[in-house]
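Participant: As a plain string of letters, each chain reads:
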Amino acid sequence: MAAPNEPKVLGDVGKAPGQLAKPARVENTLRKARGPGDDKVHTWPHLVRIEFLVLLLVLAGMIIWALLVDAPLEQPAAPTRTPNPSKAPWYFLGLQETLVYFDPWHAGVVLPSLIILGLIVLPYIDINPNGNGYYTFRERKYEILTFFLGFHVLWISLIVIGTFIRGPGWNWFWPWQPWDVHKVVAMTNVDLPYLVGLRGYWTSAAFGLTVIVAYFAIGVAALYGWVVRLKGKDFMLRWGMLRFGLVSFLFLNMIAIPLKIALRIGFNVKYILVTPWINI
Amino acid sequence: MSKWQEIKEQIVASPVWQSMFRHGYDDTPRNRVLMVSGNVWLHLHPSKVRRHGIRLKFTWCMGGITFLMFLITVVTGVYLMFYYRPVAQYAYADMKYLEFDMPFGMLMRNMHRWAAHAMVIAVWLHMFRVFMTGSYKPPREFNWVVGVILLVLTLLLSFTGYLLPWDQLSVWAVTVGSNMARATPLLGHEGPFANFVGVNDVYDARALLFGGGEIGPHTLLRFYILHCVFIPLVTTLFLIVHFWRIRRDGLSGPPL
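Residue numbers (our numbering), protein chains in the order written: chain Y, 1 to 280; chain F, 1001 to 1256.
No wet-lab data here; the hints were simulated from the structure.
Among these hints, one or two may not hold up.
Calculated pairs, PhoX-like style, for lysine-lysine (alpha carbon to alpha carbon, straight line, at most 25 angstroms) [what the hints assert, rightly or not]:
no. : chain 1 : residue 1 : chain 2 : residue 2
1   : Y       : K270      : Y       : K183
2   : Y       : K40       : F       : K1048
3   : Y       : K87       : Y       : K183
4   : Y       : K141      : F       : K1057
5   : Y       : K87       : Y       : K231
6   : Y       : K141      : Y       : K233
7   : Y       : K233      : Y       : K87
8   : Y       : K141      : Y       : K40
9   : F       : K1003     : Y       : K40
10  : Y       : K87       : F       : K1096
11  : Y       : K270      : Y       : K260
Here are some chain F residues the structure puts well away from chain Y; computed CB gaps all over 10 angstroms [to be verified]:
no. : residue
12  : S1019
13  : L1209
14  : I1240
15  : F1243
Keep in mind the model is a prediction, meaning the values are calculated, not measured.
Glycine included, each C-beta is placed from N, C-alpha and C at the ideal position.
Excised from the complex, chain Y in its bound form (with noise of 0.2 angstroms):
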């Protein structure tokens, strides 16, 4: 332990109070000095024992839980008689809302392929040295920003709708309402090209997939101008092109989730590209 009159950090000796450098680098520049084996302590006591009493409370916990309530079992299984409404287990509801915005190949398939492919890549995306081992906002802010968008916003939000707000046909039912399975729901969604007054096929296709195609082009070069401001060119060539393409592919298409909803919510817009193959 340090003597109470002990300079906090060798080069602080003789500094005034309001030069002396922030109490976490003073912290970290201490450990430095003293070395590090310094910072360690036995895993018996000290960390054996906070398992054990976690254990021990989050055991007792699931046993009361499993006494106080008991898991569902409903009527057998009855091929011919589709409940209204069906849904997947909890964790997949997000996923499964989704599917009121785009097609299943898409909602079901590329989402959370591309879900999982974000994760994967994500040590090797973020080149950020700083905030290894440590909470901190301030070092990092992009991206805890868009960790919770993807996370908090839209993966546990949707997941929120998808189990309580979802009722029979998938309509939109609030807690305090009574499930009504004859709500009628007008169908009055069409399409983008449409919307904007095009009728024959091959001028819908050829727009939808111009705005897709703009969407993504318009979309990466934004971030390159925001990131070459935001960072300076160094920093974008140290973060190199495929880093760059990956992070803005992912983010482009994690950001038309929500703009997929507000094109529905707002214009009725069911499909922005139309073909026999795929609808977008």
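Chain Y is already provided as a structure; the job is to place chain F on it using the hints.
Facilitator: Chain F in isolation, oriented as in the chain Y frame:
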């Protein structure tokens, strides 16, 4: 010296005891290290850890809780396997039998189900915490990748188990959850470009998962084996790698 103490010392000094236990509970630095390094379970830990890495404020204990949930489902799951037959005629009746006739059957089933749900939540919170502390940064990048694979395996474990009660809830939830497989581009019969590949409703990605064109007895057996044997084994392999990597790289913490 009392008689009891004498007996105790004789036992501790006996070759049988000495062959099993190599050190006592002396609170000396050397013994504290031996406690961990001499114990096959505890030596998952290094014998010394960074003070910052073990604070609950830092770890939330979520990785450990996820592993505990895995262990609970293994123990309760083995118990349930004694009474459950993955055959369409019997499965639902076995559930009822298990709930009403087997000692602690209902408790075991509840524990199994709630621990499975809690494991999904805990693994998400663990991922969130690891992200917030930046613990995926070098040198721990690959362990994050292993963690993502374990996250997917957790969801698959939970999903395959969902079918086994063979009631309306399970069958239709799995139907809805699996329908996306038939929309897989190229590989699903309702997906884009299916015509070019020649898949159909009994020969595509979903049929591979189901063991046929729709959910039936074959699916029940398939999901049972995936749930009780295949995915737990794969998960265990990845858990070994996950823990080994933590052991090698040490707990993360602020730079020294």
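Participant: Provide an ascending list of the numbers of those earlier hints which the structure does not satisfy.
Facilitator: 5, 7, 8 and 9
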